[in-house]
Every structure is written in structure tokens, then in C-alpha cells.
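Q: So the protein sequences, as listed, match chains A, B and C.
One point on numbering: in this note's numbering, the residue at position 13 of the first sequence is 13, and numbering is uninterrupted.
One point on numbering: in this note's numbering, the residue at position 51 of the second sequence is 51, and numbering is uninterrupted.
One point on numbering: in this note's numbering, the residue at position 115 of the third sequence is 115, and numbering is uninterrupted.
It is worth saying that the hints were derived from the structure and are not from the lab.
Treat the hints loosely; a few may be bogus.
Calculated lysine-lysine pairs in the DSSO-like style (CA-CA distance at most 30 angstroms, straight line) [unchecked claim]:
{"hint": "1", "chain 1": "B", "residue 1": "34", "chain 2": "A", "residue 2": "109"}
{"hint": "2", "chain 1": "B", "residue 1": "434", "chain 2": "B", "residue 2": "447"}
{"hint": "3", "chain 1": "B", "residue 1": "112", "chain 2": "A", "residue 2": "98"}
{"hint": "4", "chain 1": "B", "residue 1": "26", "chain 2": "C", "residue 2": "61"}
{"hint": "5", "chain 1": "B", "residue 1": "478", "chain 2": "B", "residue 2": "102"}
{"hint": "6", "chain 1": "A", "residue 1": "109", "chain 2": "B", "residue 2": "431"}
{"hint": "7", "chain 1": "B", "residue 1": "364", "chain 2": "A", "residue 2": "108"}
{"hint": "8", "chain 1": "B", "residue 1": "431", "chain 2": "B", "residue 2": "34"}
{"hint": "9", "chain 1": "B", "residue 1": "34", "chain 2": "B", "residue 2": "102"}
{"hint": "10", "chain 1": "B", "residue 1": "280", "chain 2": "B", "residue 2": "364"}
{"hint": "11", "chain 1": "A", "residue 1": "26", "chain 2": "C", "residue 2": "61"}
{"hint": "12", "chain 1": "A", "residue 1": "109", "chain 2": "A", "residue 2": "98"}
{"hint": "13", "chain 1": "A", "residue 1": "109", "chain 2": "B", "residue 2": "442"}
{"hint": "14", "chain 1": "B", "residue 1": "110", "chain 2": "B", "residue 2": "198"}
{"hint": "15", "chain 1": "A", "residue 1": "98", "chain 2": "B", "residue 2": "3"}
{"hint": "16", "chain 1": "A", "residue 1": "108", "chain 2": "B", "residue 2": "198"}
{"hint": "17", "chain 1": "B", "residue 1": "3", "chain 2": "C", "residue 2": "67"}
{"hint": "18", "chain 1": "B", "residue 1": "110", "chain 2": "A", "residue 2": "98"}
{"hint": "19", "chain 1": "B", "residue 1": "110", "chain 2": "B", "residue 2": "203"}
{"hint": "20", "chain 1": "A", "residue 1": "26", "chain 2": "B", "residue 2": "165"}
{"hint": "21", "chain 1": "B", "residue 1": "165", "chain 2": "A", "residue 2": "108"}
{"hint": "22", "chain 1": "A", "residue 1": "108", "chain 2": "B", "residue 2": "3"}
{"hint": "23", "chain 1": "B", "residue 1": "110", "chain 2": "C", "residue 2": "106"}
{"hint": "24", "chain 1": "B", "residue 1": "26", "chain 2": "A", "residue 2": "109"}
{"hint": "25", "chain 1": "B", "residue 1": "434", "chain 2": "A", "residue 2": "109"}
{"hint": "26", "chain 1": "C", "residue 1": "104", "chain 2": "B", "residue 2": "110"}
Sample of chain C residues with no beta-carbon within 12 angstroms of chain B, all distances over it, derived [what the hints assert, rightly or not]:
{"hint": "27", "residue": "14"}
{"hint": "28", "residue": "54"}
{"hint": "29", "residue": "65"}
{"hint": "30", "residue": "76"}
{"hint": "31", "residue": "81"}
For each residue, glycine too, the CB sits at the ideal point set by N, CA and C.
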Amino acid sequence: MSLYLLCFLLFCIGLYGVLRKRNIVKIIVGLGIMEYAMNLFFVLLGYRTHGRSPIEASNQQILNMVDPVPQALVLTSIVIGLAVTALFISIAIRIYEKYGTFDITKIKKLKG
Amino acid sequence: MGKEFILSLMVIIPLGTAFVISLFGKYLRNFCDKAIMVSSFLLLALSLYCRFLLTNTAGTLVYKVGGWNPPFGICMVLDGLSCFMLVTVNIVAFLIALYSLKYMEQYTDKPKFFTLFSLMVCGMNGVILTGDIFNLFVFVEIASIASYALVAFGTEAEELEASFKYAIMGSIASIFIFIGIALLYGFTSTLNMADMAKILTVKDSFRLVPFVAVLFLMGFGIKAALVPFHAWLADAHPSAPASISAMLSGLLIKTLGVYSLVRIFFNVFNAGQVHTVYLKVFMFLGALSIIVGVILAISQWDLKRLLAYHSVSQVGYIILGIGLGTPLGILGGLYHLFNHSIFKSLLFLNSGAVDYSAGTRDLKETGGLAKVMPVTYGTSLFASMSIAGVPPFNGFFSKFLIILACAQAGHIGYGICAVIGSILTLSSFMKVQKFVFLGELKEKFKKVKEVPFSMQISMIILAVVCLLGGLMFVSPLKFFLQDAVNVVTGGMSYSNAVLGGGK
Amino acid sequence: MVNNKAGMTLIVKTITRLTVGLIMLFGIYIVFHGHLSPGGGFAGGVIVALSFVHLMLVFGKDFAMAKISRNLASNLESVGALMFLFVALLGFLGGSFFHNVIAKGKPFDLFSSGTIILSNISIGLKVGVGLFAIFLALVVLEMAKKE
């Protein structure tokens, strides 16, 4: 249970970063933390007590495996996270080029 | 090999086109134009053929990817609702691709644009067809990431800012959706939506479902731009190139938002019969979106921004209609979904045409363009009358059905909201017509020419569909809508059809 | 390697020259053993990309660009995606999309899992050059800004 709570704490740290920080790069880092918290949570859901990694081996019999499906899904989610982060970083660099700042309170050409 | 393999082609073709264009588009002149036209025309033809196939088989088509049977493998499902969405998406995507051929010449990198465009279509087709909840998430992400990049396509300051805002909101939405999926998987140990629905009815799920439902409502609500979550839309949609605004407003918010909400809430959680409290939430959010969206729209002077706020309001109609839960309300909601895709993309294409020819989209600067741009004027008149709900056009029928269904279900207050929203919409589109097309032609616009022919033709076709859309309600074409409504009202019959058809 | 001015110091360069091949080989090993051990196309591809990033950090932009230009990287990325799609389409020979048509072979052999190894290779190619292309694009953007 405490693992889940720690996971939730990590998620909250990320959310705090997204909501409270003004620097674009810190917001991106906050989003990354949120993503990893949820990935961790999903992997934890698939854990079985004293289970081992879900890989077949030729010379031994494996009785207690953890659930492999969440791991596959989390891998997909990590790939998606990579793509989103790369996009974010490139947008952030371009924004810095145009506005000369990373501060979101100064980036406000759009209104209405 | 059965005919079901066509379902996989709906994803293969746009995906293949995207990468073929990114590989050869740089070297061969005009290659990307031809490739995108061929692929989007093929998709349109195949989606119509899917409709034909569905009529013949009378039921649900299930395609097993990799030959694995449904609860274990990934499957693709074609039923009334997905076929309805598929046809809508591919009609509009084809016409927008046709429009983009000339329109995108003002931007530098056409092959990249069409790569992202194809990826977006691939994501949307995938969302519609998949029967696996994690696959749905992956396709939602494909379409979303392509759209983040497309919003920033012009790389001007405003566009980057809008794209950043949109991407942050979209990522948070994805995180909520992912947590919801994780919890559902942890509870049911399956990812297949049909199987999940079955297990949720068998197991005692009254403590899990409300929590997951809120997560999904937040996640897909952000993607659909329902009112408390609408802040990104008014920045992101106007900043994109006009053809992408049409794609985002016309298709993306409906496919990723409304379709996913309907599929998960009605077919997985069975909100129609068991968890009826969510329908109340739907109705409330819908009515709120109608009023707030239109009030925000009415004070705008940027043409595209005005249209973007109207998208918020019109999605409210769809959600209100579907949230009523009665067959008539759902019919109205889905009908309005189709109509809104048509006329809102047409309106955005019109705004793009005005921008292309006159070089501005500020309502205070334009005026009298009807004389120099007759086709744009005519088609935008059709679309404005549709969105405002003037009788012979399609918008009238769907709004009328929604209001009627509100009255029938006893929700008079929501009906009044819908009527007020409609009146305000009419007034705001009268403003558009007056300031853009009517009035005195200004001196600097004397030399403005009508847009190129391929842009005209796609606008004209959309306008014709606007007019003919009113006929969808009469009996020979009604099966198209009626099948979709049956799937939504059927609730658990989706699960039985998918698992039964998978043998 | 000739130009000593660009990049980092001699010590780093020498060590990199020794290790970068091993890093890339390890990445390729992970790609090829994706169906037998942890790893697979994505993880291996990332390691391959990191070996190029390593080269670039140590020897400077021009040296790495001479090995793989940005254009070639983005082309190879598309090729990787198309290869993956082609492997998936091969499944139509066996009746459905993504069907594993090639003989499975004996378990725990290198060539034992039909089309999975082919898809791993194409994913490895796509991720490897794709990640490097992203890095390159970001670096070039940064340089254009400085000038």
C-alpha cells in the first residue's frame, strides 16, 4: 500500500510542477514526472508477491511470474512519452527564439 | 480470408502514405499531392464500402489482428456507430485534402504537412475501429501528437504558444486516460472493451466505476473541449492552417472526445441502463457548453476564433443530445455530430479562403467580399444557415430533434438552453456575414480574386452535403443513423456481438 | 578525429574511440535478442542512437554529421517505419494483418520467433536513427539560434 501512496506522491509532485512553475522547461519536467508516476503505478498493478520477471528460460521452470501485460503497455506509453517530450522541447526552443524568455507569464500574445 | 480485412486497410493505408510521403516527397515533384489524393480517395471509397458490407452482413464485423481471438488478441470492430464515424471522417478528410493541395502552397514544407495529416487520419480511423481499450489510447496519442505538431506548423509566435498550451492540456488528458485504463485493467484483467463490459457487469464494480468514469470524463472531456476544459481550443484551432483548423474542429474533437466518451460510457460502463447518473453529467456539461461557448463566441472579432468558440457550443449540443439517453436524443446528437463536421469544416475552409485571398481574417477590416468571391460567399452562406439552424439545411433538423427530445424527456430547462444557444448562434453568424461578405467593398480589396478551383470545388461539395444532409433523416437514408443509434442504446449488446462474432 | 580543436579533450576522445563500437554492438545485440531476453527494438534502438549521440558530444557536430547526415537519418527513419508495416503486411499471406507467417523454429534459438525478429530490427532501425535525428534537429536549432 505504501508503494501506491509513494506513487501518488510522485504524481502530485509532477502536478505541482505543471501547475505552479512558471518556467516552460520546468513544466515539461513536471509532465515527465507525472508520466513516470503513472507508468510506475501501472507496473505495480501487475506485481504479484514474490513474482519474478516474465521471461521464459530454457533450463528452469518458472512458477510465479508477474503480469507481463502492464509491462508491455508501459513500454508503449514510455515511447509515446518520448515523442511528446521531444515535441515539447522543440516547441520550447522555438518559443525561446520568438519571445526570448521561458517565463509563461510573459508569453501571452493570445488572448480573448 | 474474409472481407473483414478491409478494416485493417483503413489503418494501413494512411500509415503507409504518411511514411511514403516523408520518404519520397522531398525528391519527387508533386508526388505528395498525388499520394495524398489517391490514399484519401481510397479511404473514402473503402469507408463507403464498409457501410455496404455492414448492410449485407446485418450486424457486427470483427477483424482479429494476427489471428488471435478477441478476449486475448487485439480486434477491430465495425458496427453501426463506428461505420457512421468512419464515413464522416473520411468524407471530410478527403475534401480537406483536396482543399489543402493549393492552400498549403503558401507554407514551405508540403510533404511534412501531408505526412502529419495522414498520421492524424490514421489515428482517427484507428480510434474509431479498434476494440481494444489500450489501442484506443495509442491511436488517440498518434492523432493528438500529429495535431500538436500541425497547430505549430506555421512556427510563428502565436502558433507556438497555442501549440504549447494545447500540448500541455492534451498530455494531461492522456495521463488521466492512461490512469483510468490502468485501473480498469487492474480490476478486470482484460483490455478488450467487450470483455471488459461483460466482467464489469458480473463483478461488483460500483466502487471502481465512478472513479474511472471521472478520470475518463476529464481526459476525453479535455480532448472534446467540453466547457470546464475548453480553454485550449480557442487558441489552438485558430492558430493552425485553415485546413487543419477544419480537421481539428470538424473531426478531431469528435473522434477523440465524443466518440470515445460514447463508446466507453455507453458500451463499456453501460451508462444507458445502469450508471444513469453520468447521463445527467453529460447533459449538464452539454448545456453549459452550449451557453458558455456561444457567449464567448459572440464577442470575437477574429473570424477563426469566433468559429472555434462555436465548436465548443456545438459539441455541447452533441453531448446534450447523447446525454438525454432516449433514442430520439441520441439520434439528434449523432445527427448533429455529422452535420457539425460538415458545416464547421466548411466554415473553416471559408475562413481559410478569405485569409488566402484577402490576407486578413479580422472582421473589422474585411467587408463586401461577396462581390469578388462569389463561391466563398455562397458556400459560407449555406454553412452559416446550417449552423444557425435555418430550416431547409441540415443543422435545423438535428437541433430540432435535440430540442424535441429534451421536451419529450421532460428536461424543459435544457431545451430552453438549446434554443437560446441557437438564437445567439444565428446572431453571431449574421455578424460574420455582415462584416465579411456584405456591405461596401473596400478599396484595397478591389483586386482580390476568387480562390483556385480545387479549393472552390471542395467547398462546393461540402455545401451540397450541407443541403442534402437534411435528407438523411428521411427513410431511405435513415438506416445510416439508425444503426449507430441502435449500438449506443443497445449498451451491452455491443459486448455480446463482439465476443459472439469472434468465433 | 583529425581535427583536435573540436569536441572534448584527448582522453575522452581516446576512450570514446575504444568504447563507441562496443556500445553500438551492444545495442544491436539487444535488438536481435528482443524475443529471448529483455529489450527489443526500442531499447536497442535507443542504445544505438546513444552511441551516435556520444560520438557527437565528443568529436563535435561535423564528425557525427559526416557519418549520418540529417537527411539520411530522416530517410532511414521512414524506411524503418515502412519495413515494419511491410512485416505486418506479410501477415496477409497467413490470413490476417500481423499474422506470424514465418516458421517459428526451435525455442531459444536466435532465429526462432518468425516475424518478431524482423519487426524488432525495423523498430530498432526506426528508433535508432529517429532518436538521433531528433537530437540532431534540436542541436541544429540551437546552433542556428546562436549565429
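Q: All hints are to be evaluated individually against the structure, with a verdict given for each.
A: Evaluation of the provided hints:
1. B:34 x A:109: It is violated: about 38 angstroms lies between the C-alpha atoms, which goes past 30 angstroms.
2. B:434 x B:447: Roughly 20 angstroms between the alpha carbons, so the hint for residue 434 (chain B) and residue 447 (chain B) holds.
3. B:112 x A:98: Measuring from Cα to Cα gives roughly 22 angstroms; hence the hint holds.
4. B:26 x C:61: With Cα atoms ~24 angstroms apart, residue 26 (chain B) and residue 61 (chain C) stay inside 30 angstroms; holds.
5. B:478 x B:102: violated, 35 angstroms
6. A:109 x B:431: Roughly 25 angstroms between the alpha carbons, so the hint for residue 109 (chain A) and residue 431 (chain B) holds.
7. B:364 x A:108: With Cα atoms ~22 angstroms apart, residue 364 (chain B) and residue 108 (chain A) stay inside 30 angstroms; holds.
8. B:431 x B:34: Violated - the C-alpha atoms of residue 34 (chain B) and residue 431 (chain B) are around 39 angstroms apart, more than 30 angstroms.
9. B:34 x B:102: holds, 13 angstroms
10. B:280 x B:364: violated, 41 angstroms
11. A:26 x C:61: Satisfied, since the Cα-Cα distance of roughly 27 angstroms is no more than 30 angstroms.
12. A:109 x A:98: holds, 11 angstroms
13. A:109 x B:442: Holds, at roughly 28 angstroms.
14. B:110 x B:198: Outside the cut-off at roughly 47 angstroms; violated.
15. A:98 x B:3: Roughly 52 angstroms separates the two Cα atoms, so the pair is violated.
16. A:108 x B:198: violated, 49 angstroms
17. B:3 x C:67: Between residue 3 (chain B) and residue 67 (chain C) the Cα gap is close to 47 angstroms, so the pair fails against 30 angstroms, i.e. violated.
18. B:110 x A:98: holds, 23 angstroms
19. B:110 x B:203: violated, 52 angstroms
20. A:26 x B:165: holds, 14 angstroms
21. B:165 x A:108: Holds, at roughly 11 angstroms.
22. A:108 x B:3: violated, 53 angstroms
23. B:110 x C:106: This hinted pair is violated, its Cα atoms lying about 48 angstroms apart.
24. B:26 x A:109: Roughly 34 angstroms separates the two Cα atoms, so the pair is violated.
25. B:434 x A:109: holds, 28 angstroms
26. C:104 x B:110: violated, 43 angstroms
27. 14: holds, 38 angstroms
28. 54: holds, 27 angstroms
29. 65: Fine: 18 angstroms to the nearest Cβ keeps residue 65 (chain C) off the interface.
30. 76: The claim is violated: residue 76 (chain C) sits with its nearest Cβ about 9 angstroms from chain B, within 12 angstroms.
31. 81: violated, 4 angstroms
Checked against the numbered hints above, the structure breaks hints 1, 5, 8, 10, 14, 15, 16, 17, 19, 22, 23, 24, 26, 30, 31 and satisfies the rest.
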